[in-house]
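A.B. asks: Sequence:
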Amino acid sequence: MPKHSKKYLEARKSIDKSKQYSPEEAIELVQKINTAKFDASVEVSFNLNVDPRHADQQIRGAIVLPNGTGKSQKVLVITQGPKEKEAQDAGADYVGGKEKLEEIKGGWFDFDVIVATPDMMGELGKLGKLLGPKGLMPNPKTGTVTTNVAQAVEEIKKGKVEYRVDKEGNINALIGKVSFTKDQLTENYRTLYDVIVRARPAAVKGQYMKNVVISTTMGPGVRVSAD
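Take the sequence shown: its position 206, counting from 1, is numbered 206 in the numbering used here, and each next residue is one higher.
Just so you know, not all the hints are guaranteed correct.
Said to hold, decoys possible - Derived pair list, reagent style SDA-like, types lysine to any residue, alpha-carbon separation capped at 25 Å:
| no. | residue 1 | residue 2 |
| --- | --- | --- |
| 1 | K205 | P52 |
| 2 | K85 | E155 |
| 3 | K100 | N139 |
| 4 | K134 | A226 |
For the record, the hints were derived by calculation from the structure and aren't laboratory data.
Hey, can you work out the whole structure from these sequences and the hints?
C.D. replies: Pasting the structure below:
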C-alpha cells in the first residue's frame, strides 16, 4: 500500500465513503480538500462494464471540452509541402516531415500530441514501438490523422482531450484545473460523461458504468453517482 501524507489522510476524512455524490457536490469537495500547493489538475475515472478484447467494445475518441483543460499542449505536426505552413499558421509548436521523425528516433520527445497527414503515416508507422507505449501514435478516431491540420491543431490548443478504455475497462481523463469554477468543471464533466454514455457498445448487457470517481492530482477520489 502506498504511504499517504498527513494532508491526504486528513482530506480523506471529509469524504463519506458510503455515498455517491452528484457531480457538482464531488467537484466542490475535491476543490475544497485539494492539498497541492500548485494548480492541480482535476481528473475523472470511469470504470465501465466493457471487454476491450473485443473490437466493438474498444471505446476511443476525442472531444473539445467547453471550458478547455487549463493545460497547454505542445503539438508536433508531421506533414510536408503546403500543409507545413497551414500547421504553423494554426499555432503548431513543431512542424516537419522525415527530419522530425529522425529526431524522434534519436530520443526527442518534447511534445504532447502528434498530428499527422495520411501521406506521412507510412513513415510514422515505423516508429510504432517508440510512440505506441507512450500513447503518442496519431489515430483517425481521435482526429490526429487528418488533412485538416489547422483544425486539428486549433482544437488541441482549445482543450481537446482524448479518451480511451484500458484493458481493465477504465477511462481516465482530465477535465480542468482546481482554479476553474465549479460550474466550468461541471460543464466539462457532463460533456465528457454524455459522450461516453453515447459510446456504449451494443454488446454490453446490464449496468454500463460501474463506478465514476473525480479526484485532483494528489488528492483522494470522490465517488460520483453514475446515473
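A.B. asks: Checking each numbered hint in turn, tell me which of them this model violates, lowest number first.
C.D. replies: Result: hint 4 breaks, nothing else.
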